[in-house]
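Engineer: Sequence:
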Amino acid sequence: MVGMGKKDRELDAAVRQLAEADTLAFGGVGFAGQILPATDAYRHIERALADHSERARKEVDRLLRKGSPAGKAYAATLLETVDPAAGRNAWERLRDDDGEFTTFHGCVMGRTTLREYAAERLAADRS
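For what it's worth, my numbering labels the leading residue of the sequence shown as 1, then goes sequentially.
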């Protein structure tokens, strides 16, 4: 695209990666601690949000609406970091979504739904 800088292209690639993500992992997975492409994309968008990128915030909002179930969970988590109230609202909306995805906590793999994951995040927020 004409006029699109490297940062814009990198942000677009990260958003595409999360939009199609089927696994939610915030750190290394498996015994080798491999960083998944979606985790790397999450970190890229997290840095863009920390730089107060208006474009990154719009992309996160779009991911919440149109992403895969894991992509929506990543987006709500990202939103929580920059705007806790908006993050809480996102989790409230996702409580009615039965979309499934894989989770990793270290080398422990699991499956969950957005409904279950959102309920856990909201419960953790209240404690």
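Treat the hints with care, as some may be off.
[Stated by the list, open to error] So the derived label-pair ranges between C-beta atoms look like this:
hint	residue 1	residue 2	range
1	Lys66	Arg43	20 to 30 angstroms
2	Val108	Arg55	16 to 26 angstroms
3	Glu120	Asp83	18 to 28 angstroms
4	Glu120	Gly5	15 to 25 angstroms
5	Ala86	Glu120	30 to 40 angstroms
6	Ala32	Arg62	29 to 39 angstroms
7	Thr113	Asp61	31 to 41 angstroms
8	Phe31	Ala85	13 to 23 angstroms
9	Lys7	Glu116	33 to 43 angstroms
[Said to hold, decoys possible] Result set (BS3-like, lysine-lysine): computed pairs, CA atoms no more than 25 angstroms apart in a straight line:
hint	residue 1	residue 2
10	Lys7	Lys66
11	Lys6	Lys58
12	Lys7	Lys58
The hints are simulated quantities; they were obtained by calculation from the structure and are not laboratory data.
A virtual CB, placed ideally from N, CA and C, is assigned to each residue, including glycine.
Engineer: Evaluate each hint against the coordinates.
Structural biologist: Comparing the hints with the structure gives:
no., hint, in the structure
1, Lys66 x Arg43: 20 to 30 angstroms, "holds, 21 angstroms"
2, Val108 x Arg55: 16 to 26 angstroms, "violated, 35 angstroms"
3, Glu120 x Asp83: 18 to 28 angstroms, "holds, 20 angstroms"
4, Glu120 x Gly5: 15 to 25 angstroms, "violated, 38 angstroms"
5, Ala86 x Glu120: 30 to 40 angstroms, "violated, 19 angstroms"
6, Ala32 x Arg62: 29 to 39 angstroms, "holds, 33 angstroms"
7, Thr113 x Asp61: 31 to 41 angstroms, "violated, 22 angstroms"
8, Phe31 x Ala85: 13 to 23 angstroms, "violated, 39 angstroms"
9, Lys7 x Glu116: 33 to 43 angstroms, "holds, 35 angstroms"
10, Lys7 x Lys66, "holds, 22 angstroms"
11, Lys6 x Lys58, "holds, 18 angstroms"
12, Lys7 x Lys58, "holds, 15 angstroms"
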